[in-house]
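Could you put together the complete structure from these sequences and hints?
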Amino acid sequence: MDEYPAGSLDHNLPLLVVSGLTSGPTKPLLTDPDLKEQSILIRSELPPLDSREAKTILRCIQEADATALPWNPQDGDKKHRFKIKTIGRDFLLPPRRARLPEDFEAPLSPPVLHSPFSPLSPGSTLYPDGLIDTRWLSKHQELIPSICLCFYSLTSDPTLATLHDNQLKTDINALKNAISRSGYKCRLVAVIMSDQAPDSMGAFQERLENIRWGTGLDPKTSLFVLPTRRSETELETAVDSILSAVFVQASEYYRELGRRSRKKKGRGIAPQPTIPPTSGTSHTLSLQGWNVRYDFKAGVFAEFRQEMDVALRSYEQAYESLFGQDVLETVPSWSPRFNHGRLVADTLAIRILRCLLWTGQSTAAVRRWQAHRARTSDFLDRRGRGTQNYGWQAWEARWAQTMANLIEKVEYPELAPTSQSLFRPPEKALSAERLQPWELLHHPGYWYRTAAQHALDRRKLAHLIPEDSRRAPDVSEVSKSAAKAYNSFDTYMCPEPYEEYPLDGEGTNHGRQILTYLNSARTEFHKRQQVRLAADVALDAAKELELLKQWKQLLELLTPLWRDMYFRKEGWLDATESLSWILRRAAVEADQADLVVALDWELLNSRYSQQPNWHYDLTKSLDNVKVDQRPEITIRDENITSFLTSSFVFKHDEGRAGQTCPAQLVIKSNAFPKSPPVVLKSIQVGFEGSVRTLHLKHVPNSGQEAGSRKILVTSVGLKEVESEAQDSDAESESGNRSTPSVILQGEDDLTLYPGQTRVFQVDVPLREAGEAQASEVTVIVAPETFQLAYSMKLREDNAIGLWYTTTGRVKVTKINAQNIKVLPRPPKMEVKFINVLKQYYAGEPIHIVVDIANEEDIDAQTKLDVHLYGQDVPAFKAQVEDGDSQASTGEGEEAKLNGLDAGTIGTSKSTKATVIIDPINRPTAYDLTIKAWYNLVSDPATPIVQIVAFQINIVNPFEASYDLVPRLHREPWPSIFDPEGIQAVTEEGEHEVPSQPMGLAQKWCLVTKFGSFATEDIRVLDLDVKVLETQGAARCTVSKNQTLPADGLTMAPRTMEEARFDLVAQKLSLDDRAPSTADLAFTIKWQRASGDRPATATPNSTTFLLDPFYVTVTEPRVLASVSYSRTSSPSSSKIPSTVSSSSSAGAGAGPPLILLDITIENPSNHFLTFGLAMEPSEGGFAFSGAKATTLNVLPVARRTVTYRLLPLVSGGAWIRPQLVVRDKYFQKVLKIIPTEGMRKEGDGFAIWVPDNVDEDEKAVGGERTREGEGDVKVESS
Amino acid sequence: MATSIPSIACLGVIGRHNNPLHTTILPTTTDPKTGAPAPLRTPLQFSLLLSSTLDVFASRARHASASGTLLSGDFGLLHAVDDRLAAYGWETNTGVKFVVVVDMRGRTLDRTGGSTASSSKSAAAAAAAAASATGVGLREGELKVVFRAMQTAYVRLLQNPFYDPDEAAAGAAGAAALGKRITSRKFAEEMRRIGEVWVPGSVNAL
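As given, the protein sequences belong to chains B and W, one line each in that order.
For the first sequence, the working numbering assigns the number 1 to the initial residue and increments by one for each residue that follows.
For the second sequence, the working numbering assigns the number 10001 to the initial residue and increments by one for each residue that follows.
Mixed in with the good hints, there may be bad ones.
In silico BS3-like pairs for lysine-lysine, Cα to Cα no more than 25 Å straight-line [what the hints assert, rightly or not]:
| # | chain 1 | residue 1 | chain 2 | residue 2 |
| --- | --- | --- | --- | --- |
| 1 | W | K10180 | B | K668 |
| 2 | W | K10180 | B | K793 |
| 3 | B | K460 | W | K10033 |
| 4 | W | K10180 | B | K674 |
| 5 | W | K10033 | B | K710 |
Here are the in silico distance ranges between beta carbons for each label pair [as the list claims (entries may be wrong)]:
| # | chain 1 | residue 1 | chain 2 | residue 2 | range |
| --- | --- | --- | --- | --- | --- |
| 6 | B | T1015 | W | P10161 | 55 to 61 Å |
| 7 | W | A10205 | B | E427 | 32 to 38 Å |
| 8 | W | T10152 | B | P700 | 55 to 61 Å |
| 9 | W | A10205 | B | H652 | 15 to 21 Å |
| 10 | B | T359 | W | P10032 | 37 to 43 Å |
Worth flagging that the hints you see were computed from the coordinates, not collected in a lab.
Computed from a predicted structure; not experimentally measured.
Ideal Cβ positions, reconstructed from N, Cα and C, are used throughout, including at glycine.
Here is the structure:
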């Protein structure tokens, strides 16, 4: 926009001249010497004010200058926009009328003189057919003020008041007259400053009135009083309000001028020039031309008034007329007026654009922008020299740049860099239309870029200028070529072809121009974080710089971009490549050796396109580069990609310290197929964790034909060497050099052919436990001219590791194969349980023997930890053979014995430890863990642990069930008629009671059935029932009824056995007849039958606790007991059974005689009467005895009734006597309780009729029978 | 008089890590020397153009996350690089971006000779109708059909068990792994077809 004449495009602001506020020198308004000569002087005679307040006010006014404001209607509270000029006390106005030329002959009639800026005046540059030019614009903008703001002071000295006031009046009147005499309509506004405060101004009212009357100034619009004794802000407000009021005046002034233009246009005739043109074509401005002029003026005046929509209309009219039939169309292209017309058109178009942008119509503005271009291009194609020339491209570039400048000036908030939006949404009226995307106003960066594009095109076209035209006209045949050039080249606002692109010497610096545009664009894009687009522009700029050979600048521009460019990071290869090659050329020129090498390294990758005729040989990289010393370059894969990729794979997930793990280092080359092989000097693999740095050195292998192979797997032996020995290796890191550390070193031929995958298989020794991972692979290339170290990070990207085999096959191993977990040294101490039994039983102590065998090569100092976990851990102890022993009481859920010293176990020796767990009474399970801690004698610091665990399941070996059945106690009951028997209680007292129980005794039989639940044979050694406690003052004794075999009873698994115990309970006192109970415990003493253990070992005992039983009862009961006799005669009943049995032995055959005793016990205090009724049996038996009888039983006594039964059935059967015992008083039938040799059947009982009495007596137990016999005898007698 | 209507100049598929996956360049102008259809720009220029749209994607995403508004897939107009070429964008929720570069004067409709670059008569007729009705602009959302078609094609590509999108998107792992592009011929053909068939005002699925 700067290329257009100054002032032609400025936004017009009312010119305000401030007079009388400064005494210092000021810039004169009118500088043109021609005009100055005829100028009109406007001068005030009063001296300028020079007070402090005056300076403040002047500053306020100058700050209100609106020239630098953005071109938009700021909706601020400022009501005025002025261009402010400060003058002393006088200024010059340009002449209203132009003078006649000096050589002019006086015409017949007096000539009509016009303004010197009009095409009518012969002295004007526009004479005779120009349209309008900047001088007219600047006349209004710079020379003729709309308002002349004169400052005066009002003296407060009453003695001088009248004199002063009169002077003031005179001066104002003189000024007024001078202005009106000049013919200009500019307004005079007087401001009278007083040094008083605003509220004390009343005193001066009369004087001010006087001045007002004397000058005829309106106090509302043109005479202001400004009391200055107030604060600065108040003063500012006051000045502001004066300016606002004055602005109305200014608008009025320009409105008047605008009206005049319209009026002239309305006349509809073209005015005649002062003198008709005599030279040239004698063509004068047509009426249409005049209309353009008038509309343009009207537009400008509207703009002065800040009425942009009005201005827009006028400009559009002017524009249409200009391109209409009679204005530009009639101008021949060779005429200077042609380009002048174009300038007017451009000016109009730009002013139109500004109006549109001002009013927020950005999309309309873009359309207008395009329309003007199309119109101009069409016009040039028809009337001018076409658009296929550099001039048109120059204009296009300028046109795009103009738009960018306009957008910058307008400062749309939507397009501010902070707003993040790149273009402005269309105005509401257009948003529904189908819009071109470009019509959404983009930020200036895009426009600058377009300008750059056109500038490029301009250069292209400039380079096509034929040589003839490029010769300066004075050199060649002047007229001919000049004319030709003039005809064929558009030189509107751009140089002639011989200046644009001269044959010799500097022409237009296109490159500079393009760069300027590109840099502006790049700045805009950067501001909006469009980094990629900025890089794109930078690339274009770099190409220009390359042409200009500005290598340094180029490097400055591209190097930072290249270092971390998005294109590479995101894989835009073509962009990367393009940038890299430009940079490389620059780097070679600027002797940036490191950059050249890094670039070559990157460009060797075959994913870029191959440049023809490029050697792609790293060793030749620095061939044309001057270097002072051999450069050492270090690059990383984060910045620069490379044709090399690497991976490191451990074959196993885990390894153990002290062992080695096979691993593969894979280096893959992706270089261009025809490029020479790259010889690496060395490869380093850095590890994190305990693995040592791996170092491979290049050793040329003469007989290598390996280049042909795509995948080459070589096995490399590794040595552990101290890295200090590696002095020759310059690349070893400084850290390594200072502290001696061990590295793994190997040697191989490290030549890498293009496209080849080199696999180096190594056995990495693992030394320390912990996680380790290969973290970085560094390859070093060191030809003669430079050294390059390239590091590649091995990232945890969950990539799958590949394992190469020598056959060329690839196996997939695992993800993140560069990681390995190094486990501690494996323990070689063997700990095992020996002689472990299948099953452990409750009640037996558990012996567990552990064998600890040292299989290490060195003696080991060993300690044991024994842990037992489970519910209610029992006490246990542990003992080492010939050594330490410890015991634990065992409580809670866990018991430990720590640090049981097992001494030093020699290599391939072993020792034993025994853990003995106390017997446990219930089935449960325990975990026994034995940890053997040991350290080798050679390495006492490293503890090694071996752990074994064993679960002990404990089950009950037996289950048992019990039954308590009543028996008849044979002892006689104490008789209440025998005082001795019952006196003892009273005599002896309580303390003697337990020793001699005197109460009733009752007898029971405890039947226990127990089964073996063990999984093996068990030998039962003893059975026992113990009375743990009795309740209810009774004594209870148990006697064993059976004996077991001397060597015990062997029970097979899952078998049942029965045992009977007699139980006699006697109440302590006869008086106490409450029932009593007894708690019993049944104990089995047993051993495992499988006799590993010596028989002398203490037998295990398993105890069952029984539920309490009632052992004495108070209710009367009826007990039936039976005995047998061979004698059938009733008389023989009194013969003791021993006799009868002995005699019966001889008798042999015949059914036995059965004696049935019915004993009724009455332990109560009542006299009871019972009725007995025996039913005769039909064919079962015959009986003798009372069929029905009544039995009286005394309190605490018993009686027995005996029946003799003769079974009628053959032996080996049951008979069922139907006997009813009834309590006479309660009329209650008593149950008859069977005892030995009988069984219960329903309500009654059954009696066994044996075949042979002997057998049966044996079965029942002869001893008891004999006793019973005696008892019966007593009772019955 | 010949009317110019927009046509697609370039279709780009850009991966999650801003890596180019696919580019189809369509001729929208004629070679001044031979008169044969030719692309408006060089492949490198189109590549740079596609890359420059990533700035806009990033900026919009930043803006969206700052203001808390969720972005729908359609980014609409990303930017117009000059008065002919404009880039429109679409982002899938897996971060794959589709970019359509439209040449606003890509097709010339001659009243006499029909279209030069358009593929079918009906398309040309529809375009002519669209052009005569409202001029030769583009409405917001007029490219939705293109994006939908591209997405369909991309989804079809993903359904191919031999296509490994992770391999193509392994960008974060390291720059070395980048540069893997979509090699499916079918996909490329589909892209070209979409680019050729589309005319402004297309409403039916491509």
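Hints violated by the structure (listed by number, smallest first): The structure breaks hints 5 and 9; every other hint is satisfied.
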